[in-house]
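Read off the chains here:
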Amino acid sequence: MEVIEKVFLCKVSELAENQVKKIDNAEFGDIAVYNLGGHYYATADLCTHATASLAEGDIEDDMITCPVHWGQFHIPTGKAQGFPCEIDLRTYPVEIEGDEIFALIEADPALIAKG
Amino acid sequence: MGNIIKTLDVTDSLTGLKDVCDLENGRIAGKIFYDQAIYEQELEKVFARCWLFVAHESQIPNTGDYITTTMGEDEVIVIRQKSGGIKVFLNACPHRGNKVCFAESGSTRGFICNYHGWSFNVEGNLVGQHESGVYEDSNFDKSKWGLKEVAKVDSYKGLVFATFDPEAPTLKEYLGPIAWYMDALFDNQEGGTEFVGGCIRSTYECNWKIAAENFVGDILHAGWTHDSAARAMLGGAVAKVSDFEESYSVNWNGHGYEFALDTVGNVAVLGESALNKYLHTIKPSVAERLGDFRSNMIGSVSSCTIFPNFSFLPGQNTVRVWQPRGPNKMELFTWVVVNKSAPEEVKEKWRKGAMMTFSPTGVFEMDDGENWEYCTKTAKGRVTAQQDLFVGLGMDSLLTETPLPGNVYEGQLNEANSRAFYQYWYDMLNSRSWSEVPNRNVGKPEAE
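Chains as they are written, first to last, in full-length UniProt numbering: chain A, 1 to 115; chain B, 1 to 448.
Do not take every clue at face value.
To be verified - Once the Cα atoms are required to be at most 30 angstroms apart in a straight line, the calculated DSBU-like pairs of lysine-lysine come out as: (1) A:Lys79 - B:Lys82; (2) B:Lys144 - A:Lys22; (3) B:Lys142 - A:Lys22; (4) A:Lys21 - B:Lys82; (5) B:Lys99 - B:Lys18; (6) B:Lys152 - B:Lys329; (7) B:Lys352 - A:Lys22; (8) A:Lys21 - B:Lys99; (9) A:Lys21 - B:Lys144.
Just so you know, these hints were derived from the structure itself, not from any lab. Nothing here was measured: the structure is a model prediction, and the numbers come from that model.
Chain B on its own, in the form it takes in the complex (with noise of 0.2 angstroms):
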């Protein structure tokens, strides 16, 4: 059994933190973008403490299986063991720390590292070294030196996330009322979903946190910035969102989502016909699943992050987790994700529509990359850096008599799940342990 990794290091937080972030006046500075030192905390108290997404069960169905990915900067190995379950690893060597798999994915029945050939089985269990005979003449426990296990693993409707924190809470407290969002996209039909393809990996030089604030909850700048690719895609422009009568910013632990009800919104831009008839098809027995109110939202204009950096478009199906590499520097790694159910048809049209949508040539993404890299340029002035940003839209606009899940405020044009956003960050940053976070929810944690 490698053993699970049980303790992390906490520093106290920064000085001079507190004035980074003044939510309660919707102001942010510009230097969260572009500081080592914050960053290095990020690490720690962000990225070493909350879920992480890792895998769609679907990568990985049978015993051996597995994938390799990172948990902030750590890299890890995910794979299906022979009961059924996944475990997570550090893809590291416990001998010199040497990384013992390479591939982005495949099936095995284990990992030998290159330097001094230790060898672990699927279970992670140390089973064999090159010169064996010498570490038994030592009195080495093979026992105590298998791969080293992240604490926890738990899934939700088929995405795998996983925590290096043993005191983190549940994934189900962790996701809270966000999850009962998350079924328009990941629970709308038997069997679930599925990922198709690969993992596109590309590169940004910009801080994750703008790209994924960009999916908690900034509608407001598609219809702007993704003016042209509406264009080019649709014929058309972007969807005017104030004028849907209906629509939300929920948010929860720092996750958000917004999303209006327009049932289509977003699956047109892949300029699919076939993909809006296929919502169309399927939304009846949506609505018998989720209720009419999700049905409205399996493809609506409509976006998502679970904190701190997995986001999905419904629509568009893209899945995305936004990997730090520095305080300017991200890679993102995408997949498409689709029905199980799905006429195989249609599955490729999804593959192909977010490959010319939401991927490195994709015309949305080129549109987003060149905003989110200067966002983060320009706090590299010393001086810019210390300049107020503003986060402020709809700050009286929660809704206290809905019968909605979660922290819900009036309309997508608004910045509320930022600012959830940055506050739970800011909270994180500035806690010790899980105990020491703040509970700013307000709103009810469950569906009524």
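Next up, chain A with everything else stripped away, as it sits in the complex (with noise of 0.2 angstroms):
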């Protein structure tokens, strides 16, 4: 049976607009927190292609660019642009309770991005 564990991310207050941050988490894999124009996205920090952290990376209007390689993700859908990414990245609800960011996470081991 699925599990919706609720992860807190960050406070709204520590992510200013069109900024990402990087939120250690062992358990799911380190997740990408974004704010994009006021609204917020999370997807798993880790790149799809190569070790690298996309928190990093440069936002680009809706894209992440990954530091290393300089693949590219959609963040709202975590579809891969093209090369060197072909994997798209895993992304999740996210959940505002007044100043708290939660990502809502599948407990289901297959679907936890390795980090």
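With the hints as a guide, bring the two chains together.
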């Protein structure tokens, strides 16, 4: 049976517009949380191509660019945009409660990003 | 942060070097154009030490824009930073030394080495490797292994120069008063200049100094060497320089600018009357900006070399670097420079005109090539190489009462700039550091 876990990421006040922040998470793999013009998104932080933290990359419009080989992912959907990234990024629904941002994570081991 | 190259090995000067230059008596030996040992000293003491032209700012306007070029025989990447500044890196991976960028120009987020996947960002920082985990297991410090950065980068009026030597004087000190004359081409209109078109590359079997010295102050050759080219482009001979009422040779730190005050003598050989007209149109505003004197230089019979190997011709608007590729081989990088504010059709005429005259198939360029190659090749003969060559024109022509800045000599038909060029070259080869380079400048360091 699916279990949805609600994982606290950070406070709204800690994430300025068009910024990305890495949240360490040993259980599900590190999570990148984004503020795109007041809309919040969460994805796995680890690039699906090589070892790299996406939170160290640059945001351009609604894309995150990996800092190591410059592959890009579409932040809202996690879609890989082309070479060298071919595998989509896992995304998590986000919930805001007051000043706090949470990711809703399906605790199915097969879906957990390896970190 | 890529670590800056801090030390250079400096070997003692060659024994026997004393015999190759005697500029007080207007003599050089042919040997300096065909000697492997002298060439290796040049790479170390001239090209690894002096300020070298690497790019025009207009070639790399945005973050991540880059061009690749060489400083001596060292391959480098010149790249625009997020901060707006420019960095110059060795185009060589610090792991096994493989070349990391193969394109001549482009725009990028960084460079990835083909060999082991070392990846560098625009700032030159090492940001990743293939199998990065094994480096972490070896306590590898990523921050110490970025692309190697050259010691200093600076620009003058859009021209970007770099030096490998942290002890080098500032670019401003290095150029000295020659910068004041350079403004006649590079700062005669609001907005400055830009390069149009790409880089034209060609190879000559000649020593780089022959070409650099030709532009430092050898208008003498033009009337003879370029007679047929001038007749083809102009329908008449090259202007007779000895007829000019007023002309000068000015030098400083081995750089030299020789010029007349005829405004359009150089541009005329492009055979495009619209360009003569453009220069006449802007002349009053140049006079307002730079004064009457320099407004007469914007396209006049003139040429310049910034020591060691950066040259240009006002009027023809060709800008070039004579890249050393061995004692008897040179690669020429050529660009066309125009005022940013010039009308598009004027820019296009300059691009075409420069191609017709000073490109590998240009009528003037071909005239020079064969002469320069044979000036080099004759020195292959061991006996011929010892021959004294005459560089003695205008020995007593120094002007001491002139308001002009620099070491100013009367007349363009004068080898004062050539002597100053070879003297500086000789002084560099005999100096172990910048502090040992003698100051032979006698003129005013700045315009009054």
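Quick rundown of the hints versus the structure:
no., hint, verdict
1, A:Lys79 - B:Lys82, "27 angstroms, holds"
2, B:Lys144 - A:Lys22, "24 angstroms, holds"
3, B:Lys142 - A:Lys22, "20 angstroms, holds"
4, A:Lys21 - B:Lys82, "21 angstroms, holds"
5, B:Lys99 - B:Lys18, "38 angstroms, violated"
6, B:Lys152 - B:Lys329, "28 angstroms, holds"
7, B:Lys352 - A:Lys22, "54 angstroms, violated"
8, A:Lys21 - B:Lys99, "34 angstroms, violated"
9, A:Lys21 - B:Lys144, "26 angstroms, holds"
Taken one by one, the earlier hints fail for this structure at numbers 5, 7, 8, listed in ascending order.
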